[in-house]
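Visitor: With the hints as constraints, model all of the structure from the sequences given.
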Amino acid sequence: MTAKRIKTRFAPSPTGMMHIGNLRSALYEYLIARSGSGDFILRIEDTDRERYVEGAVDVIYRTLRTCGLDHDEGPDIGGPHGPYTQSERLPLYGRYARMLIEQGDAYPCFCPPGRVDRDEEGQETETFGYDRRCRGIAREEAAGRMQAGESYVIRQKMPLEGETSFTDDVYGTITVMNKELEDQILLKSDGYPTYNFANVVDDHLMEVSHIVRGSEYLSSTPKYVLLYQAFGWEIPHFVHLPLIVGEDGKKLSKRHGSTGFDDLVEKGYLPRAIVNMIAFLGWAPGGETQEIFSLKELEERFHIEGINKAPAVFSYDKLNWMNEQYIRALPFEDWKGMVATEALPAFGDQAFDLDMLARVLQPRVTRLSDIPDMIRFLTERLPLSAELFYNKKAKLDAGRAKEVLEAVKPRLSAVPAWTEEAILDVLETAGSELDIKKGQLMGALRAGLAAQQVTPGGAIETAIILGREESLERLERTLEFLREA
RNA sequence: GGCCCCAUGGUCAAGUGGUCAAGACGUCGCCCUCUCACGGCGAAAUCAGGAGUUCGACUCUCCUUGGGGUCACCA
Numbered sequence: 045m046t047a048k049r050i051k052t053r054f055a056p057s058p059t060g061m062m063h064i065g066n067l068r069s070a071l072y073e074y075l076i077a078r079s080g081s082g083d084f085i086l087r088i089e090d091t092d093r094e095r096y097v098e099g100a101v102d103v104i105y106r107t108l109r110t111c112g113l114d115h116d117e118g119p120d121i122g123g124p125h126g127p128y129t130q131s132e133r134l135p136l137y138g139r140y141a142r143m144l145i146e147q148g149d150a151y152p153c154f155c156p157p158g159r160v161d162r163d164e165e166g167q168e169t170e171t172f173g174y175d176r177r178c179r180g181i182a183r184e185e186a187a188g189r190m191q192a193g194e195s196y197v198i199r200q201k202m203p204l205e206g207e208t209s210f211t212d213d214v215y216g217t218i219t220v221m222n223k224e225l226e227d228q229i230l231l232k233s234d235g236y237p238t239y240n241f242a243n244v245v246d247d248h249l250m251e252v253s254h255i256v257r258g259s260e261y262l263s264s265t266p267k268y269v270l271l272y273q274a275f276g277w278e279i280p281h282f283v284h285l286p287l288i289v290g291e292d293g294k295k296l297s298k299r300h301g302s303t304g305f306d307d308l309v310e311k312g313y314l315p316r317a318i319v320n321m322i323a324f325l326g327w328a329p330g331g332e333t334q335e336i337f338s339l340k341e342l343e344e345r346f347h348i349e350g351i352n353k354a355p356a357v358f359s360y361d362k363l364n365w366m367n368e369q370y371i372r373a374l375p376f377e378d379w380k381g382m383v384a385t386e387a388l389p390a391f392g393d394q395a396f397d398l399d400m401l402a403r404v405l406q407p408r409v410t411r412l413s414d415i416p417d418m419i420r421f422l423t424e425r426l427p428l429s430a431e432l433f434y435n436k437k438a439k440l441d442a443g444r445a446k447e448v449l450e451a452v453k454p455r456l457s458a459v460p461a462w463t464e465e466a467i468l469d470v471l472e473t474a475g476s477e478l479d480i481k482k483g484q485l486m487g488a489l490r491a492g493l494a495a496q497q498v499t500p501g502g503a504i505e506t507a508i509i510l511g512r513e514e515s516l517e518r519l520e521r522t523l524e525f526l527r528e529a
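Here this note's numbering is used: the first residue of the first sequence is 45, the next is one more, and so on.
The set of hints was computed from the structure by calculation and includes no laboratory data. Fair warning: this is a prediction, and the values are worked out from it, not measured in the lab. The hints are all genuine.
Label-pair ranges, simulated between beta-carbon atoms: (1) 222 / 295: 21 to 31 Å; (2) 413 / 293: 21 to 31 Å; (3) 138 / 114: 27 to 37 Å; (4) 457 / 362: 40 to 50 Å; (5) 310 / 464: 27 to 37 Å; (6) 109 / 425: 42 to 52 Å; (7) 437 / 60: 52 to 62 Å.
Note that the Cβ used here is the ideal one computed from N, Cα and C, for glycine as well.
Guide: The following block contains the structure:
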């Protein structure tokens, strides 16, 4: 193969959400193109009218855009090989199919759909696939029946002997016996091509150099190779990707939880983290140990040799970690904006200090959607209990907490400005004057303010977030509880 | 079941005949510490099995076992 310009395509079918597996294909296709300064194009494969979902094309555009996978040709931006939507290319497929019939590499088939093979006793046989019943129909008879308006499909005529092999850039050379290949349908009775036919025609016409797709297509690739040969077209590079599977080792699907890009985003995963995560499902840079890569960096390091052959299990644990890395590294202002959209509705009319809240949350949040639960103790006054104040190490319990708070609350009420520095100053003074250990002081205050044993952030941070008024009211309420206990 | 593919710790994986077999996630422990995190340090944990080839195999070959994919007028 000559040093042709690298060109890859993402060819999704508009059937709904953007599955993680599809997105990974798109990402690898994009990276293979970009790492070789080639082109990445988008083609919509809408040849299945029954599965077509309104609006699915927009999901595809939107997802690619938010992930930063810009394409060079596509239905929305055009290009030299349009149209890029298969339903608009129908006449083309018919023409090429007829060409194959004339060459003797395809034939019309009049069998009803889904016919099951049966043996002499009428039992279903164990053999699968079409039995080539119509393959022997004389050309004139076939032409007559087609003329007469009989419904038919066009099937590829597979060689009955010999073998076909091709070399995949990831899996190496693969060979199959031709007799194993089914006379697959190229053109359906409704005039639409099947994927098996359209992808070959379009990939050739659009000058795609590297066909990148999931390994579930590996076993049907010999049939495509035969098609390329029948047309006398140059065989492109094949780059089959290892499957993404769930924890149970099975191909990732709906029952494995959130497997759509939108689902993940809704759960609070950052698009950049998702992209980084799926880049490593079946690929590794080799040599180096870095795992956090921006899309730009991936464009520089990605290479086909780094693609693995074994299926990869999608790990939510690892995704969580990646998301945390991205959250921690976010510029504070960006992070604050995200916290605001989660927190504002939860706080409602209640005032709170967004800066401090964001600061406290940044090193602790795993997914954005976790925020509402994490801040519930701030947006609601939770029920109190004696156990809240128990801390063995600090020798703190409800009784001691009452003493501490009784002593400290008046001083807090008198703080001139409700700032970190001022509050810390008051508490330190109180601590040394009244001889209260820091653990007891802070522990009692934090529990008294939060009414929750474990909190993100400490006593002072909590006080700042809540503000003076709410903090003092909460302390008064706590003291009332403690006095009665 | 036929055909095809795959096989390093629980997971993602580096490795390409000679390494004490990287690193990350997760798990566990310690430190830091007003709780929880973050951060730091450390630990346990892997070459599926069997034959070969070779002076020497995780690396090469074969077989076994295990797993997966595919057998649609879906892609």
